[in-house]
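A.B. asks: With the hints as extra help, turn the sequences into a complete structure.
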Amino acid sequence: MKRTQEMTSVQPDWENFLPRPISDKIPFFSRDGRVYDCLFAQQFSRDLLAHLFRTADALREVTQKKGGADHVSSLLSDKRAMLYFAQPSTRTFMSFLNACHILGMKTSEIRDTSTSSEVKGETPEDTVRTFSSYVDMIIMRHPTPGFVEKTAWLMNRTGRPVPVVNGGSGKDQHPTQALLDTYTLYRSFNGELDNKHIVMVGDLKRGRTVRSLSYLMKNYKNISLSFVSPKEFRMEADILDFLKRHGIPYQETEDFAGVMRTADAIYMTRIQDEHDKAGESKGVDYSPFYFRQEHLKQIKKTCVILHPLPRRHEIEVSVDDDPRAVFWRQERNGMWARAALMAHIFGVDEKIA
Amino acid sequence: MKRTQEMTSVQPDWENFLPRPISDKIPFFSRDGRVYDCLFAQQFSRDLLAHLFRTADALREVTQKKGGADHVSSLLSDKRAMLYFAQPSTRTFMSFLNACHILGMKTSEIRDTSTSSEVKGETPEDTVRTFSSYVDMIIMRHPTPGFVEKTAWLMNRTGRPVPVVNGGSGKDQHPTQALLDTYTLYRSFNGELDNKHIVMVGDLKRGRTVRSLSYLMKNYKNISLSFVSPKEFRMEADILDFLKRHGIPYQETEDFAGVMRTADAIYMTRIQDEHDKAGESKGVDYSPFYFRQEHLKQIKKTCVILHPLPRRHEIEVSVDDDPRAVFWRQERNGMWARAALMAHIFGVDEKIA
Amino acid sequence: MKRTQEMTSVQPDWENFLPRPISDKIPFFSRDGRVYDCLFAQQFSRDLLAHLFRTADALREVTQKKGGADHVSSLLSDKRAMLYFAQPSTRTFMSFLNACHILGMKTSEIRDTSTSSEVKGETPEDTVRTFSSYVDMIIMRHPTPGFVEKTAWLMNRTGRPVPVVNGGSGKDQHPTQALLDTYTLYRSFNGELDNKHIVMVGDLKRGRTVRSLSYLMKNYKNISLSFVSPKEFRMEADILDFLKRHGIPYQETEDFAGVMRTADAIYMTRIQDEHDKAGESKGVDYSPFYFRQEHLKQIKKTCVILHPLPRRHEIEVSVDDDPRAVFWRQERNGMWARAALMAHIFGVDEKIA
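Residue numbers (the working numbering), protein chains in the order written: chain L, 2 to 354; chain D, 2 to 354; chain X, 2 to 354.
Keep in mind that a hint or two might mislead.
Distance condition first, Cα-Cα at most 16 Å in a straight line; then the derived EDC-like pairs of lysine to aspartate or glutamate [stated by the list, open to error]:
| no. | chain 1 | residue 1 | chain 2 | residue 2 |
| --- | --- | --- | --- | --- |
| 1 | L | K121 | X | D274 |
| 2 | D | K67 | X | D137 |
| 3 | X | K121 | D | D277 |
| 4 | D | K121 | L | D277 |
| 5 | L | K67 | D | D137 |
| 6 | D | K121 | L | E275 |
| 7 | L | K121 | X | E275 |
Hints were generated in silico from the structure; no laboratory data involved.
C.D. replies: Right, here's the structure in full:
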């Protein structure tokens, strides 16, 4: 695989590279017209999303029969992936791990970095480079913003780069979550993502998923967004500016009942109190931002309810039995969307059918 | 797979379901005449045991050659299992994991639940449902009595159930241990399990294995049982009642030397002091319930010595070299019996030979 | 596989076996002219090293194409390995794990022995024997000197032995590290290991790798060694005696700059302060034993720089970009060398090409 020519000739220092706009960086993390390192939700264009969704659909259909499953698990049987999760996340970890297994990749896991050589005084960069020696792909989750990107950047400068997939880095990016959320909308809407009213509810300030999803909405036509949140946790200004620039209408409100009637999709979120600095979540009444059994009568028959999970009380358990509650399918969609992405990165997506 | 019709139409609440007699529950956890969720030792009938033992024997024979091993590991190559072990148990864990690998299943592990989303305020039910999204089978060990059963019950109510195998739940059930113990007797007795005198020794009050094994003895004819224990740790009344109801003769004694001479099998157990409430084990002289080198001369030439392991001092290490000491084979039998069970659940047992 | 006849007839007790010279023990750990248990660097003769290096080279070449990789991963597809790492070592662990995956072996991991039955009062010997029941090979790292050897010795006395590979035992042996270091020299010197000047630098007293590598040098002709270290961490007398006995010339010096000009290979090491008894490392100025950017001009064009990693500051990061810095390749060589060793142990090395 060849990196885009202009970028290789430049090769700036990390300190000069980091602050560049994401749109400038994308070529550096692409090869042969494909995503090589998947780091930012911004790497997903409308066309690429459509392609990945078709690939994910093909994967689920083909693997329903044993012969198809065995075929798919032969596609990357020569590849070994390392899941480097320096931050606890069993959910994303399991989703990626099983996506690897669907494609036949062998997997190694690093989940507790305290057992690694970091304790012997090694730099994180050396640690990652060491582990990359053994594998063909790194799937990484890391608490430090920018660390996953830096890993990919470093790898690309070595004689033996391997693709890096971002499984969540700090508070900034979690691109495959955005991918699976959009894939869930795609499946819920029978492939038609234009002309929708999407309602996002809850802790929008600190929810990485609603931020990424808002970005991806620029790929679709005639989208309108409603942001329903307590005033303490309103969507941040950078996203609102982005929507204005791209001409995507949005409203901010605390009136959940008022906007849910016209929603095509309601994206519920948990209060992110793990990001509290001084217990500020405790002073907020979050209950107006719950989806309750009684709301099922008020939403459209075609409206779907999403949630990135885990949930606490923001969706009543009895709602789960309604066919419009798609958050459990959303979990499973994540595995298929991630498998599609990895098949794309390795260029075996055309061999699935 | 279709669940038995009567049960699906009922679908009682969990609170109403839980207290039902196990015999009433078994159909709910069965499909197409097969075990679907393996939760209770009571699910193993004489015929099913015989079938599973023949299957386990076939597995070990076929896999002795590489071609056979490769065939067997193709049987479930399209399946993914999750081992959810919320309680430490490397032994049972390893046994199940390698059983999965024998059948070609891909595996994911959750062993430290503190890294899971349970820390983010999710209910255990949501956590388990999430993880089930990615896999085709859950093998679960959990410290809370009834939790594994509840998981299976919940799964059966979702649109995408997966079979659940009990790897030990609280103090109540550990059905695959009973399966492997009986399989070890079957192999030790050349397939003839009727007409035996089984001696169980040690902490019978708190030993889950001796309780389950006693249950399973109802499947065989002309069995007699001897329970040898300190008076503090005698077999509990529910088991003794069960034996009376099924006309299985038993005796309780502290005289180990007296009963060992006529034993066909001696099942040794460790003192279960991890279940002590106030250090009560410390006041008990456990040494009369040890099997020592000198006892080898006193037991029958055909008598076998079992132990679920781990042991402390209740069997002298020098006994291991005697061919009648089968507890190391018992360990390995567990792996084969579990592989046979999983092959049965997925309906590939007929394809082994 | 048959063990060498003389040894099986002897079968001494462990206490009598342990103190024997390694050369006497090697037949006990060999079968059919092959290494069975890999425990000591002394098991690697010149011929065996050459064979393993050719095997490793074949593995990397064959696996470059998918068809070759799939062929290689079919060679041991019927085998299951257990990685029992009672001591943290993610690096060695990952290297072995991926080596297993290259050969198609299924793997189980025990990394945190606190979750094992050791907590239930089981002896380490019973624990290891239990886990061996499920697998076909044990790869073991253990902090207790001699424990890995004892495991192999015990296994060989059971009815179902499995080969044991030493992944590092206490301070005494780490044979596959010596193997990969020598393999790296082999590749760096285009297969010609005779007539070289090897410079070892740093904490030679406590560095297991430089000790093992010194041993292996006896397999090659006209080798000269330079030991560059602070006076507190000079190479120990047993190694110096060994070199004298085998007529291998060596010099000890603190003058790094003086010897690097004639070096064919420079083997850098980290200060091993985890072995400090009373903070003795803190009083040592280690900086004269650093390899710096400026040294690149002083060494031969063909000289290579090795390091077992992890490093701290003893090699400047800017050195990494020089083609003579081979320590990153050395990491990867480890995986291939270990795969070659395991292919040899199982007798599939001839089937690779």
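A.B. asks: Has the given pair, K121/L with D274/X, been kept, meaning a C-alpha gap of at most 16 Å?
C.D. replies: holds (9 Å)
A.B. asks: Between K121/D and E275/L, does the CA-CA distance stay at or below 16 Å?
C.D. replies: holds (8 Å)
A.B. asks: K121/D and D277/L: Cα distance at most 16 Å?
C.D. replies: Holds - the C-alpha atoms of D277/L and K121/D are around 13 Å apart, at most 16 Å.
A.B. asks: Is the hinted pair K121/L and E275/X satisfied, with a Cα-Cα distance of at most 16 Å?
C.D. replies: holds (8 Å)
A.B. asks: Does the alpha-carbon distance linking K121/X and D277/D stay inside the 16 Å limit?
C.D. replies: holds (13 Å)
A.B. asks: Given the hint that K67/D pairs with D137/X, does the C-alpha gap stay at or below 16 Å?
C.D. replies: holds (13 Å)
A.B. asks: Is K67/L within 16 Å of D137/D, Cα to Cα?
C.D. replies: holds (13 Å)
Hint check: no violations occur; every hint is consistent with the structure.
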